[in-house]
Amino acid sequence: MSRIISYGKAINEALHQEMERDDSVFILGEDVAKMGGDFGITQGIWHRWPHRAKDTALSEQAIIGLANGAAICGLRPVPEIMFADFITCCYDQLVNNAAKLNFMYNGKAHCPITVRTVQGAGIRCAYHHSQNVEAWLMNVPGLVIVMPTTPYEAKGLLISSIRNNNPVVFLEHKLLYNTKGEVPEEPYTIDLYKAEIEREGKDITIVATQTALKLAHEAAAIMEKEGVSVEIIDPRTIMPLDKETIINSVAKTGRLIIAHEGPKFGGFGAEISAIISEHVWEYLRAPIMRVTSLDVPVAFAPVMEDYVLPKTEHVVKACREVMEY
Amino acid sequence: MSRIISYGKAINEALHQEMERDDSVFILGEDVAKMGGDFGITQGIWHRWPHRAKDTALSEQAIIGLANGAAICGLRPVPEIMFADFITCCYDQLVNNAAKLNFMYNGKAHCPITVRTVQGAGIRCAYHHSQNVEAWLMNVPGLVIVMPTTPYEAKGLLISSIRNNNPVVFLEHKLLYNTKGEVPEEPYTIDLYKAEIEREGKDITIVATQTALKLAHEAAAIMEKEGVSVEIIDPRTIMPLDKETIINSVAKTGRLIIAHEGPKFGGFGAEISAIISEHVWEYLRAPIMRVTSLDVPVAFAPVMEDYVLPKTEHVVKACREVMEY
Amino acid sequence: MALSKERLLKLYEDMFLIRRFEEEVEVYAKNGTIPGFVHLSIGQEAAQAGIIDCLRKTDYKFPDHRGHGAIALCGTDKKRVMAEIFAKATGINGGRGGSMHVHDLEVRNMGFNGIQGSTVVTCLGTAFASQYRGTDDVTVVFLGDGTLGEGTCHESLNMAATWKLPIIYCLLNNQYAISTHYTEAHPQQQLSTWAKGYEVPSETVDGNDVEAVVEATERAIERARKGEGPTFIEFMTYRWQGHFAGDPAAYRPDDEVKEWIENRDPIKLLKEKLISREGCSEEELQKIEAKANEEIAEMVKFCLESPDPVAEDALKNVYADREVEDR
Amino acid sequence: MALSKERLLKLYEDMFLIRRFEEEVEVYAKNGTIPGFVHLSIGQEAAQAGIIDCLRKTDYKFPDHRGHGAIALCGTDKKRVMAEIFAKATGINGGRGGSMHVHDLEVRNMGFNGIQGSTVVTCLGTAFASQYRGTDDVTVVFLGDGTLGEGTCHESLNMAATWKLPIIYCLLNNQYAISTHYTEAHPQQQLSTWAKGYEVPSETVDGNDVEAVVEATERAIERARKGEGPTFIEFMTYRWQGHFAGDPAAYRPDDEVKEWIENRDPIKLLKEKLISREGCSEEELQKIEAKANEEIAEMVKFCLESPDPVAEDALKNVYADREVEDR
Ligand SMILES: Cc1ncc(C[n+]2csc(CCOP(=O)(O)OP(=O)(O)O)c2C)c(N)n1
Ligand SMILES: Cc1ncc(C[n+]2csc(CCOP(=O)(O)OP(=O)(O)O)c2C)c(N)n1
Ligand SMILES: [Mg+2]
Ligand SMILES: [Mg+2]
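Protein chains in written order, with the working numbering: chain A, 1 to 325; chain B, 1 to 325; chain C, 1 to 327; chain D, 1 to 327.
Quick caveat, the hints were computed from the structure, so don't treat them as lab data.
Some hints here could point you the wrong way.
Listed next, the in silico DSBU-like pairs over lysine-lysine satisfying Cα-Cα at most 30 Å (straight line) [said to hold, decoys possible]:
1. K243(A) x K34(B)
2. K108(A) x K273(D)
3. K57(D) x K311(B)
4. K252(A) x K108(B)
5. K180(B) x K34(B)
6. K273(D) x K258(D)
7. K196(C) x K10(C)
8. K214(B) x K316(D)
9. K34(B) x K108(B)
10. K243(B) x K311(A)
11. K108(B) x K301(C)
12. K34(B) x K30(D)
13. K243(A) x K108(B)
14. K108(B) x K164(C)
15. K164(D) x K311(B)
16. K268(D) x K10(D)
17. K34(A) x K226(D)
18. K57(D) x K268(D)
19. K316(D) x K317(B)
20. K10(D) x K34(B)
21. K214(A) x K194(A)
So here's chain A without its partners, still in its complex pose:
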């Protein structure tokens, strides 16, 4: 049975259901147990399973290190890093350990950890609490990077991530926690390695993630009035990436825009662009455009923060440019 719940609640529900289903799942992190998380996402778990919900010291390296070690022993840790900006503090554990663990043990051990963390700008907390971090991890073979956008995705992708035997970095977006949508009550999974075509169209393909998906949909509605049909793809998992879905779409539309919240240079959009240029260049009818933040740290003052973030008008402008090309 489906009901309308928030993205935050959907994640909480997924955690509860996986804890219920499988004894080897446990959570740990700063304030995740008694308080239920800084954003309240792990609420209720400690009350039901006090021994499977651990409040830790401020020790990101120990949190992920412990998770890796426990994973080798067959447990399924779901550590939380309070803000994605702090994965810098446990980057070694992610990049040199979790990502390589399956390879190190030559497949005899896996690393089924799901690192939940929250990224993104928009709450006026300046450059240490606003970053989008997916691109910091993309050149590290062995990782899985999941970026849920809707409540439905959040729940299904989290359940799939927890059951997956690879190290998943599960990037929630803080501006999405209160967005609502239909979510089945019972547990369900979503294929981790499959992109979702959110809207079909024939003139332009927009690949977008998280907050940028909203911009894409708004732009698509505007473009529709101008007689332009936009296809929107949410990759959901950006690594390993479902290239086929994107390639097939661009082969059809001949035009590609990538929209994401993080800075442009060296961002996620670059890889999508490069893949398309390599594989279906002959189908392209216009330059590939990227709509992103400016290449700066996110400042605190609202006028400044708003200035650097991508907006619907920027997507619309890109759409018009590729159409007029």
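Position chains B, C and D with the ligands relative to chain A; hints supplied.
Just chains B, C and D with the ligands now, kept in the frame of chain A:
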């Protein structure tokens, strides 16, 4: 006066000359002082300036943290991280501190640190001593990433980096340490923000870094025999990138190949591809190709390591493909 | 050795002023005028004022995220500190930093940042610079009980102790890291024990007794200036509010909160001492309070009237020597 | 309490065997047959053999980069350990790891990796798993004096002590981290002092006296199995060779090296004890040595005759459930 010296020696000479010129320059790191560095690159400095060469504990966070703090005070620290694979251990200090320092202090303090480290595969030391790390840092505005290839570049770019007021991650390549080339004895600088056209050509542009430049040159020689003229660009500094030089070249040749040693997905090549697709797509006559490592951790056994690394034949194959397109 | 009446009065003024500062920040944070999160230091004024009072302008100060008070007392124009928190163009960092990023190099307030534990290694550098240049400026770094969990603390104290760097580590043990009591995150009963593992002098003092704060800090500064290396001081204290303005802090027992507010208020304790030991009159103190209230009212007015930053300035000063491209 | 003659003989065999193992590795590393770098543990055999000897097969073992010896003694087919170092397909990890990455889950040798200090936090997880599941398996982690500089050590001991995790931290203080003497990198005279800051039981023992090694390790294991939490042991020892095979190690005083080789050789010391205290004959010991020599010769032969890995296998097992694309 120029003489033929090695890349390693060129770096050593640059360090000596900058220490000599400016009292505010000092070095620190693991075994950099008395022993002169794990690769011998800092030899002789401690003997001359014992108080300006500090052996540290195994404490990468403290090394970069100290450098950042000293930089605010107007010193010019040149910390060494023994292998680039270990920047994971001080990633927070680079990404959240050094990169944002100028921004944090609103320009009233700068962060003139030059983090020397050595990256790359080829010495049969497996996945924790073989990585190419530039892509881990590219989505972090505020950093400067320098990748010298020749002894001449190594010396000039290091001097420029030390004098530069931004945090520079200076990525040496361990397979290049013993390569030789002509290097002026006296100190000189190289414009940090300028790419170098190493070879002029009119049919294909190859943008390549470090070990991949050798592959590019070898491929260019082979292609020349086939009547194809290859232009080779070494970006030298990959961030901030000299886009103009690359854009102008591709506008001329109409074909682009990017070659680098690190894994393909989310690598440096993606950004170059995306920039060209955005800016001079209309000049392109063929898909943009990337020649890189495979997307795996680098294994230890020589046959395995060799298998995953890019080779000249792969560049040649890409050249033929874009020509035949 | 007791402090002079004069000094205690000055500290009373400082402490009262930062209490009022925080109270106003709380009001404007809760009503939405101040964007983002703020971490209030109400209840911790004795440690903040006492430590800063021991320092020279040229000493390097690294307050922490709960450090509005310490920051305001470093010598910066206080209203520009408040304006930064208000996200105004007149803020000390032009509104780009906010509550967690209020630096002022002029007075060597090196500021904090949003990554707990990272200034604990940055501060090695300022102390190293003093040693390198042969000056006797010391470095003071504030950290919370929770922050002591970070690996940086170890790398820092290990290096500072080995190289005898002039650093005073001031751990403000307000007993909680967000919801987690320090005894749930650390094995020691008193966190000053930790430094003994490095053979670094350490002590635990009553962080709500400003005299004890000053005395311990001065002992540590003297050692540092003489080149004898770092000291680690744990100041026992309490934050009255939740972790951030608005946090209901349901994780703390009511009577614990009550005890600290009613019986261990650092301002009330100092007031009592001033009256009973130093013979001050209620009136004398009220005059100080009235002056502070006036100053605060002006600050708030200044903040409310200050313009927003220019949006495009968000692109400035990313690099020291080049501009970032606009759209 | 002295160990039995039987156990000492077994330890003699182990120590002699790993000395010979390392000597062969050195030969083939120096002549280029073994690719990359190897870190030899010659001189540290007592600590390696002694610690491993105290453990069950189901205890979790995290040897360090200088841990060929410990790894070979965990119960794995030793020739496959050597073959891994030789980069052969028959290696315990198929040649993909090499000297720094020899794991064997079968015997719970969790292996080391190339990032110093990272297993010091990974080991929290195996210990946590024991606690979570209510088994009494303990976790042993080896680290060097230099590695103690890493922030991970702090985060690990802090958490292990708070949660009473069953971990034995075995610090092999061979006095140098590459060229840096431990007293230049740490403030303490003895590194066991460090753990006192966490109120964790710790001691310094003679790491070249295998009896002392075993006794200290067994005390720690007993505490851990009983749920009393971690112990930190510093084993004083020395590496005879440079940091890696081929390093001339010019940074060490000649007479220091000489003293350790001539007067503190752990194998010689044990031999003397066996003869003088336990009444063993030279012959008895020579028989053990001959057997070990034979075993080693077979291992080397096995390695030299083993095939190289298949190049394409470099792409296997990056992910648990999907293949990586080839060119
Ligand atoms: C590296 C890092 N981890 C976690 C956080 C989130 N965080 C901010 S303040 C805080 C608690 C800090 O507690 P403490 O050090 O005791 O200071 P207090 O807030 O009590 O003054 C946490 C967990 C952070 N900002 N940085
Ligand atoms: C994070 C990290 N920093 C630095 C190194 C380089 N490194 C490898 S071994 C070593 C010295 C280790 O010394 P110690 O812990 O005393 O062990 P020993 O070699 O003496 O056995 C160093 C600096 C590394 N591998 N990882
Ligand atoms: Mg606290
Ligand atoms: Mg050592």
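For each hint, the structure was consulted:
no.	hint	verdict
1	K243(A) x K34(B)	51 Å, violated
2	K108(A) x K273(D)	42 Å, violated
3	K57(D) x K311(B)	45 Å, violated
4	K252(A) x K108(B)	52 Å, violated
5	K180(B) x K34(B)	26 Å, holds
6	K273(D) x K258(D)	21 Å, holds
7	K196(C) x K10(C)	34 Å, violated
8	K214(B) x K316(D)	28 Å, holds
9	K34(B) x K108(B)	35 Å, violated
10	K243(B) x K311(A)	25 Å, holds
11	K108(B) x K301(C)	27 Å, holds
12	K34(B) x K30(D)	25 Å, holds
13	K243(A) x K108(B)	45 Å, violated
14	K108(B) x K164(C)	29 Å, holds
15	K164(D) x K311(B)	52 Å, violated
16	K268(D) x K10(D)	15 Å, holds
17	K34(A) x K226(D)	27 Å, holds
18	K57(D) x K268(D)	28 Å, holds
19	K316(D) x K317(B)	25 Å, holds
20	K10(D) x K34(B)	42 Å, violated
21	K214(A) x K194(A)	20 Å, holds
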